[in-house]
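Peer 1: Each chain, written out:
2 protein chains.
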Amino acid sequence: MATRQDDVIPDFLRMDESIGSDPANANKTGNWHGWPTKDLDPVTLMDDEGRTVRIRTPVMDLEGLITPTDLHYTVQHFAVPPVVPTDQWELKVHGQVKTELTLNFDQLRRFPGRTVRTVMECSGSDATFFEYFKDEGPKPSRTQECMILSASEWTGVPLAAVLHAAGLDDKSLYVRAIGNDEGVPATAAEGTKPFYYDKGLPMQKALHPDTILAYAQNGTLLEHLHGAPVRLLVPGWSGNWSVKWITDLEIMDHMPECWYHYEFYYYGNSVDDPNKELITTLGVKSIVTQPNDDVENMTKGVHMIRGYAWSGAGAISEVDVSTDGGETWHSAHIEAPRHDQFMWVRWSYQWNADKAGKYTIMSRATDDVGRVQSREPRYNNMRKNFSAIVGYPVTVK
Amino acid sequence: MATRQDDVIPDFLRMDESIGSDPANANKTGNWHGWPTKDLDPVTLMDDEGRTVRIRTPVMDLEGLITPTDLHYTVQHFAVPPVVPTDQWELKVHGQVKTELTLNFDQLRRFPGRTVRTVMECSGSDATFFEYFKDEGPKPSRTQECMILSASEWTGVPLAAVLHAAGLDDKSLYVRAIGNDEGVPATAAEGTKPFYYDKGLPMQKALHPDTILAYAQNGTLLEHLHGAPVRLLVPGWSGNWSVKWITDLEIMDHMPECWYHYEFYYYGNSVDDPNKELITTLGVKSIVTQPNDDVENMTKGVHMIRGYAWSGAGAISEVDVSTDGGETWHSAHIEAPRHDQFMWVRWSYQWNADKAGKYTIMSRATDDVGRVQSREPRYNNMRKNFSAIVGYPVTVK
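Going line by line, the protein sequences match chains A and B.
Numbered per the working numbering, the first sequence finishes at 683, counting up by one with no gaps.
Numbered per the working numbering, the second sequence finishes at 683, counting up by one with no gaps.
One chain only, chain A, in its complex shape (with noise of 0.2 Å):
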């Protein structure tokens, strides 16, 4: 007579007993679960210790709007800070509010959450393009090097919800969010002191709801790497404005002078440009992932040309595609879902490709403010955010 336990859990949902094995999988291996698997793996670099601190994200193999957590690329200026555990740690917001407040990781958990889907970029992401397109550079391959750009959901809480607790009065201009990293930059003048990364926000930014205070990423709560207790996340801005590791919220009325700011994150002519711009807004920008950008040859045939665009402004609208180097231009198809603003979409074009001949692939990217992604990159002497479109020549035989 059965028991009670096997009258109540049917066999396939036993977690308790052996299990048999389909004899064609006995005896093989591999890293997923034992199974064999199209694991992909991120560039790093370690630190002395041997951990990991620098991720870049193998774009040209994702599949999907998700970058796994893993795979999320991660870059910071100083050494990875001191892990703060999370009962342990504090946010200070103070300066030019009605309210200071102190806020533990409870606390901030209880204003209203927020899941944010977004691309983050880094500014210097694809740097090495701006030589290449002046004949100065090798060719980069962003197969091999991998990309410092990738996409994830965040949860947290919206800024605007601490502020608004704080209490924000028309003197209340800007965010000074700082880091718990702390350093000196290679390049910083000599005798400059140690001190915590950190960036001015404009309030305009600050409020908007989906510039959250993230303390979980992709389901799960923050790695060390991603800015673990809580990071600040702005999407749609470039990566340096997402202050990992978070412990302060100055509010100014006026911007703060961030070394970060006109040292290093600005668009100008060279580090005395009297007219520098500050980097914000990421551009409209699209790239081809498949064929990935190692490939030279393809086979007549139909081919699908696929790839990633994305908008710091709005949502992407278009993406062209060429195969004969921007002679002629075809719509791609851009994949559901696309109402995510801050997130990449998928596009994909079906090339059939039945002469032999050279050509050269390109994708255009449009966003819904009319910006169009351009065929010249914005030079500047920082070689940063570079959102051109590249040519990617292939040989069909």
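Be a bit skeptical, because a hint or two may be false.
Identical chains share a label here; the pair holds if one copy fits it or two copies do between them.
The calculated lysine-lysine pairs, modelled on DSBU-like cross-linking and capped at a C-alpha distance of 30 Å, are [what the hints assert, rightly or not]:
1) Lys420 to Lys324
2) Lys479 to Lys314
3) Lys641 to Lys586
Rather than coming from a laboratory, the hints here were simulated on the basis of the structure.
Position chain B relative to chain A; hints supplied.
Peer 2: Same frame as chain A, but now just chain B:
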């Protein structure tokens, strides 16, 4: 003098030189790229070969919408089938169609792509609550046992696109989806021959644009346990409809007699019930994740009550919380984003527990087609689709 590479690649982007570690981090270790982490562990079951074959999700500890792929539940009735290399996989589309098709992986991927976010729940999820509600079994622990419930982003092509290519007519009424997993159910009649797992999807659901043939999950190609190379994904319907390891689509002019229809996944009073109802759409359901269901005592003060809510029939329009066992209800905050119909939503309610005593925490979901989560489960002899409101007794001291 600096080398050319030093000029071109600023220090913080170099991936080719050793890098220092903050002294505070020295000699600490962890399991996420070497860092301490709050990794989650699923409940798993191994096969004879030591590989994972079943996964249950630690839903109580998730923080976000996506369940990371290695935590996403997986269950199957038969032994996990042989691994089929992607370049050897084929999908046959046959039966009541104008043109029979055989598609390989590349050919399938020529159809316009689509990404869908959806909760997935096994019909057997929470089944032991049926006994608990009748005082015939112990209180289940979703915390300790984990759940047969998860949510992911899936990428593939609409099933409708493939069906359209094959050509339908007015006799094309059902899509019999067949997987590569073969066996004999434990409760099948004696003499039942081994068969491949199959389900007969009505054409209306088959043509829904979010019903897709998925080849990727959460940004990367499918893992074998999740149905690689390609699986069916039927958002909003019980997990058993999302046939893994798919090999065949047989278009039929009548509902096929699949064993896992009226022998297993049905509502009824007995195996001989003449009025069995096939299980399809998920109910409207919410669960409390914080405090988790192992918590018995709480301190006086402010507590956030959190959880998830979902429905197979429409988006969640309302979540209410009770702390007095359902006597009084309070509207919970439903977190953005709310625009993915088949995805669960996060919700929260701030509870000011300022008086000592005994409380019973409950949550109740309503969807936008007017369904309200019920207090009483829908009892059925197969113990499927438990979706009733569960009371969580706690003592505030």
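Peer 1: If a hint holds in the structure, say so; if it does not, say that too.
Peer 2: We went through each hint and held it up to the structure:
1. In this assembly of identical chains, lysine 420 and lysine 324 lie within 30 Å of each other by CA distance neither inside one copy nor across copies; the values are 37 Å within and 46 Å between.
2. In this assembly of identical chains, the alpha carbons of lysine 479 and lysine 314 lie at most 30 Å apart only when taken from different copies (27 Å versus 56 Å within one copy).
3. In this assembly of identical chains, the alpha carbons of lysine 641 and lysine 586 lie at most 30 Å apart only when taken from the same copy (7 Å versus 76 Å across copies).
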